[in-house]
Every structure is written in structure tokens, then in C-alpha cells.
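Participant: Chain residues, written in single-letter form:
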Amino acid sequence: MIPPAAPARLIDAPSFSTSRFRAEREADWIAFDLLLTRLEKKGAAALTSDELLQLPLLYRATLSSLSIARATSLDKALLGHLEALSIRGYFLVYGVRESRWNRLRRFFLYDWPAAVRSVWKETLIISLIILLGALTSYSLVSNNPEWYFNFVDEEMAGGRDPRATVEFLQSTLGHGKAVAGKGESGLHVFATYLFTHNSQVSILSFALGFAFGVPTMMLEYYQGIGLGAMMAVFSAKGLGYDFGGWLFIHGTTELFAAALSGAAGLRIGTAVVFPGARGRLQAASEAGRIAGKVMVGVILMLFAAGLLEGFGRQLITDTMLRYAIGTLMLLFWLAYYYIPRREDVT
Amino acid sequence: MTAAAANAKSRTAGAKKIRQFITPEGVDLELKIAGSGLRFAALLVDLILIQIALLLFWLAMLWIGVASRSDVTEAIWMLGAFLLRTFWFIGFELGSRAATPGKRLMGIRVVARDGGRLTADAVVARNLIRELELFLPLMMLGEGVAQDNVSGWLMLAGVLWSLTLSLFLLFNRDRMRMGDLIAGTWVVMAQRVKLDADIGVDAAGEAIAFTETELAVYGIFELQELERVLRSRDPRAMREVADAIRAKIGRAIAEEDDVFLLSYYRQLKARLERKLLFGKRREDKYASD
Numbered sequence: 001m002i003p004p005a006a007p008a009r010l011i012d013a014p015s016f017s018t019s020r021f022r023a024e025r026e027a028d029w030i031a032f033d034l035l036l037t038r039l040e041k042k043g044a045a046a047l048t049s050d051e052l053l054q055l056p057l058l059y060r061a062t063l064s065s066l067s068i069a070r071a072t073s074l075d076k077a078l079l080g081h082l083e084a085l086s087i088r089g090y091f092l093v094y095g096v097r098e099s100r101w102n103r104l105r106r107f108f109l110y111d112w113p114a115a116v117r118s119v120w121k122e123t124l125i126i127s128l129i130i131l132l133g134a135l136t137s138y139s140l141v142s143n144n145p146e147w148y149f150n151f152v153d154e155e156m157a158g159g160r161d162p163r164a165t166v167e168f169l170q171s172t173l174g175h176g177k178a179v180a181g182k183g184e185s186g187l188h189v190f191a192t193y194l195f196t197h198n199s200q201v202s203i204l205s206f207a208l209g210f211a212f213g214v215p216t217m218m219l220e221y222y223q224g225i226g227l228g229a230m231m232a233v234f235s236a237k238g239l240g241y242d243f244g245g246w247l248f249i250h251g252t253t254e255l256f257a258a259a260l261s262g263a264a265g266l267r268i269g270t271a272v273v274f275p276g277a278r279g280r281l282q283a284a285s286e287a288g289r290i291a292g293k294v295m296v297g298v299i300l301m302l303f304a305a306g307l308l309e310g311f312g313r314q315l316i317t318d319t320m321l322r323y324a325i326g327t328l329m330l331l332f333w334l335a336y337y338y339i340p341r342r343e344d345v346t
Numbered sequence: 001m002t003a004a005a006a007n008a009k010s011r012t013a014g015a016k017k018i019r020q021f022i023t024p025e026g027v028d029l030e031l032k033i034a035g036s037g038l039r040f041a042a043l044l045v046d047l048i049l050i051q052i053a054l055l056l057f058w059l060a061m062l063w064i065g066v067a068s069r070s071d072v073t074e075a076i077w078m079l080g081a082f083l084l085r086t087f088w089f090i091g092f093e094l095g096s097r098a099a100t101p102g103k104r105l106m107g108i109r110v111v112a113r114d115g116g117r118l119t120a121d122a123v124v125a126r127n128l129i130r131e132l133e134l135f136l137p138l139m140m141l142g143e144g145v146a147q148d149n150v151s152g153w154l155m156l157a158g159v160l161w162s163l164t165l166s167l168f169l170l171f172n173r174d175r176m177r178m179g180d181l182i183a184g185t186w187v188v189m190a191q192r193v194k195l196d197a198d199i200g201v202d203a204a205g206e207a208i209a210f211t212e213t214e215l216a217v218y219g220i221f222e223l224q225e226l227e228r229v230l231r232s233r234d235p236r237a238m239r240e241v242a243d244a245i246r247a248k249i250g251r252a253i254a255e256e257d258d259v260f261l262l263s264y265y266r267q268l269k270a271r272l273e274r275k276l277l278f279g280k281r282r283e284d285k286y287a288s289d
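Just so you know, the sequences run in chain order A and B.
Counting in my numbering, the first sequence runs from 1 upward without gaps.
Counting in my numbering, the second sequence runs from 1 upward without gaps.
Note that these hints are calculated values from the structure, not bench results.
Quick caveat: nothing in here was measured; it's all calculated off a predicted structure.
Among the clues, some could well be false.
One-sided and incomplete, this derived list gives chain A residues near chain B with beta-carbon spacing under 7 Å [said to hold, decoys possible]: (1) LEU79; (2) HIS81; (3) PHE108; (4) LEU109; (5) ARG117; (6) SER118; (7) GLY292.
No residue lacks a Cβ here, since even glycine has one placed at the ideal position from N, Cα and C.
Produce the complete structure using the sequences and hints provided.
Facilitator: Shown next, in the form of C-alpha cells:
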């Protein structure tokens, strides 16, 4: 409810005075303040349509009062109140133009794939860097297994190194006898751990992008290194095909997400180094907004990868099926991101 | 430095924090950039709140976990902790007040630098970068402690390097941290100011009549200081100010301090506002009348 305008206080003042000005307009400010408070607390649904129509009128009345007060009044408390009220009003009146549901829908249908599509060059570069890292360590470890210990942390490897037996390696892939003894109760914990850990790594590789993209590229190269070294160990024991399946089921999603997070970081880095015709700050903020969208997508992708890795990989032990699921996921992501669609540019 | 120069200097220092921000209606909102101290305090409050929330969440999960004897709670705990830590800032800044509880407490908020709408992607970008700004120095420190062979100097260099990123906001005029720079945002003051009563229309204002020369000694700065003292209603401050004014205009102590100050305030304000209408703005007592 908007309180009815209070009658202007009777003042024996000259025809224009700041006191008269205040007495005449004060009711509007109070009404606007009340509306804003309710809007902030309960959202637009709490207001009746009358009150919603009232909102822009009261907003403009307040702004006009502010202009007049700045030119005529020296009352600091009044000026401060009007300024604060106008700022609050501006951001509410001009702030949100669509509902949360609409925003979410637009993000999944258009914004997310469009953002990923627009960093395709960076995605390609980062993918090549990961591949390069993998090839480097693969060839080095294949020629001389001693290299393995330079690349992979002993704790992380958990015994999966060139000295391990074929049986042991096989067991780590979820085949053979060793797996039977292990219960399935810890799977969700494992999946959650993988998700949170991977998300943090990709957030880091994105955030490091502003340092001209160099640390991002190094981080992604390092990811490739670890991958290649493992691959070399398993394929040397003739388990390359099985290892591929073990990796493929979640790896297509996870590595894709890793590449995208690197691409988002690289986009910011290149925008800072080569801003083009725009100012450097402007370029950085434009790149940052695209990268922000990509990163929300990356976290969602990593969530999917965590589920696949934690549950899918532990429950599905057939290598063919693993390959099939991995390929399906890859096709799904590629189609989702890169198939052009209507109503694309808004 | 003379008092006049000091006054002028403090005014320009205040003006340096003000940024033009013109609404579509053509009014300049004159946003003030939030200081680094406020930003840091807001961050501290948020971190403490997150820790408290995590602790409560952990206790609840522990209790449920023990009661139900299942380890689902462990997964829920890990997921919940991650979501809370990552999306605390994002979630609150996407709200209509664009501020986390810490920021609200300090009376600051996030706005888009170009004057447009604060978009969700900008909020996400500025907060994901926070991860780096907060944890890189800690990580460097942790790394150095974990590996004894790293020399102290090297560790110091690493921490200093990462601190320059974290303390980036100290090195630019707009107090933007790395995340603000990349998201295109600012953090500005957004306090609520209560509408205080109009002390210019009190009946007591007419008790004493001052002459033109008695009113001509002060400018806007002094008027607003007087307003502050009157609104604070502190008898000792009022006595001091009243005595200072009496000495300046050469009046004997004849009336109560508050009556004296109120009438002086009202008449000085009327005089200065009249001059303002004619385009003459006298900033302080040092400016010419």
C-alpha cells in the first residue's frame, strides 16, 4: 500500500524555499523507499500491478528531486538520503528484466553453446597443447621407462608404474580378481571427490589466463604429460586397449571440459595482449563475460564427468561398452555446442 | 599547510573517489568507489560466515551420518561444501542487491562499469577469479612449507608475486581487483541513509535574529559541519561549537546553546541557499563571499 500523499506542511516561508520543497515531495520519497524495501525483500511478485506502475513514476520523481536538491539545498542529510535512494532505485528499476526461469532457459538453449562456439580457436589450441603433452611423455616413457618418475607423482600413481605387474595394472582398470573384493559403497564419495577436485583445477586454469594465458597453457600441457606417461606404461604391458576404455568413458567429457576451461583462460589472456581496436580494459571485460559463461558450462560438464568416472566406470567393466559410452558423450557435447541453431544471436 | 589548503585537499580527495554514472534520465548518480578497507572487511565477514555455515553443515551431516550409518552423507558433505564455497559469492551477487552479506554489512555493492545491467556471466567471472586471488598466495606458502628444499627467499619471491595479483586493487584508482577488471565491474558505496527530520523549519529558528555581517563569516563546509553537530545532539560538542561561533561573531553568551545554534544554522542556511540560487556557491569560510 502506498500511503496517501500527506498534505504539505504549513510553513510560513517565501514562495520557494528548500523546506517547502521538501515538505511537498517528502511523501513520494517515503512511498518509493517503502516500495523498494518490499521489492528487495520479496521480489516483484509481492507488488500489485498498481504499485508496479507506480514504481517508475516514483523513481523519476525521486531523481528529479535529487536534481533540484543538488542545485538548491545545502541540507547534507537530505542530499545523502536522496542520493542513496536514487542509486538503490536505479539498480532495481533498470536491474532485472527477465525472470530466473527465463534466464536459465536462455543459458542452456543459447548462451552456453554460443559462448563455447565463440572460443573454438582457443579450444583447438588448448586441445593441441594437451595432445602435444601426451605425445611428448608417451614417446619419452616408451623409449626409457625411467622418465615416468619425472612426470607422475609417486603418490598419485598408486603403484601404477613401469615396475608393476600386468595383473596389478589390470586390476586398477577394474578387471580381474582384485576388483571383486572391493565394495561398491564408496563410489559416490569417490565421484564427489573427483568432481570437486577437477572443478578446482579447471577454475585455476581459467583464472590463471589473465597472465597472458601462459600459465594456463603450461597447466594444460602438464595434464597432457600425465596422461601420456600413464598411457605408455599400460600399452607397454599390452593393456593399451583396456586402458583406453577405462579413460574414454569419462575422459571425453573431462578432457573436453579441461580444454574449454583452458580456452576460456586463453581468451582472456589474448584479449589482454591483443585488445585490437578496443581499450585493454574493455577487451578484458568482454572476454571475461564470455569466459564466465564457458566456465559455468565447464563446471556442469565436470559434474557429468565425475558421475561417469565415479559410478559408470566402476560399475561398467566391459571395455567395448566403455568406449561406446565415451563416444556417445563426445558426440553429444559436439552436437550440443557446434550444431548451428536458429534464434542464435539475440 | 594552511587550513584553507587542507580543506581544499580533503575536498579533492573526496572527489577523486566519485565516478560519473549517468542514468537514462540524464541524472548523474555520482557513485563513490568503495575503499580497500571496506572491501577487505566485507571479505572477512563473508569468509567467517562461510566457515560458520560449513561447521553447522558438517555437524548436521555428522549427526545424520552417525544416526543412519551410511556414508552418503560424506558425499553430500563434500558436494555441499564445494557448492557453498564456490557459489556463496555468486549466488548473493546475482540477487537484487548485488551484494554478499559482508558487502551489505559494509554498505557496498557490485555494479557494471559501463552502467548497464550486472549480468550473470560478469558475476561468475569476477568470483571464479577470486579463487585464484585468495588461494594462490596460500598455495605458494603451503608449497614452500611442504618442500623443505625450497629456499626461504624463493618462497618469499613466490608469495610476493602472487600477492601482487591479490592486492591488485591497491594499485589502481578504481579499486578493481583482478576479477573486477576481467568482469567489467566496480564495487561502489550503496549505504542506506535514513531521511532525518528537517531541522531548518523548527520554530526555535526565529528566536534570535543575526545580522548580515554575523552570517557572512561562514561557508557551506561550516554549515554542514554545524548540521552534523546539531543532528548528533551531543551537548558537549554543541557547547564547543556554540562558543567558537560566539567568539567569531563577537556575541555574549545570552541563550541556550541549542537555541543559539539552531537559529544560527537556519539563518546561515537560508542565506547560503539564496546565494546558491543566484549561482554563487561559497565552499568554505576561506572562499570570498
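Participant: Hints first: check each against the structure and report whether it holds.
Facilitator: Each hint tested on the structure:
Against a cut-off of 7 Å between C-beta atoms, the interface hint on A:LEU79 is violated, since the closest Cβ of chain B lies about 9 Å away. Residue-level restraint check for A:HIS81 holds (minimum Cβ-Cβ distance to chain B is 5 Å; threshold 7 Å). Taken as an interface hint, A:PHE108 does not check out: its beta carbon lies about 13 Å from the nearest beta carbon of chain B, beyond 7 Å. Interface hint at A:LEU109: violated, since its Cβ lies 15 Å from the closest Cβ of chain B, which is beyond the 7 Å cut-off.
A cut of 7 Å between beta carbons decides the hint on A:ARG117: the least distance to chain B is about 15 Å, and the hint is violated. Look at A:SER118: its Cβ only gets to about 12 Å from chain B, farther than 7 Å, so that hint breaks. A least Cβ separation of about 3 Å between A:GLY292 and chain B falls short of the 7 Å threshold, and the interface hint therefore holds.
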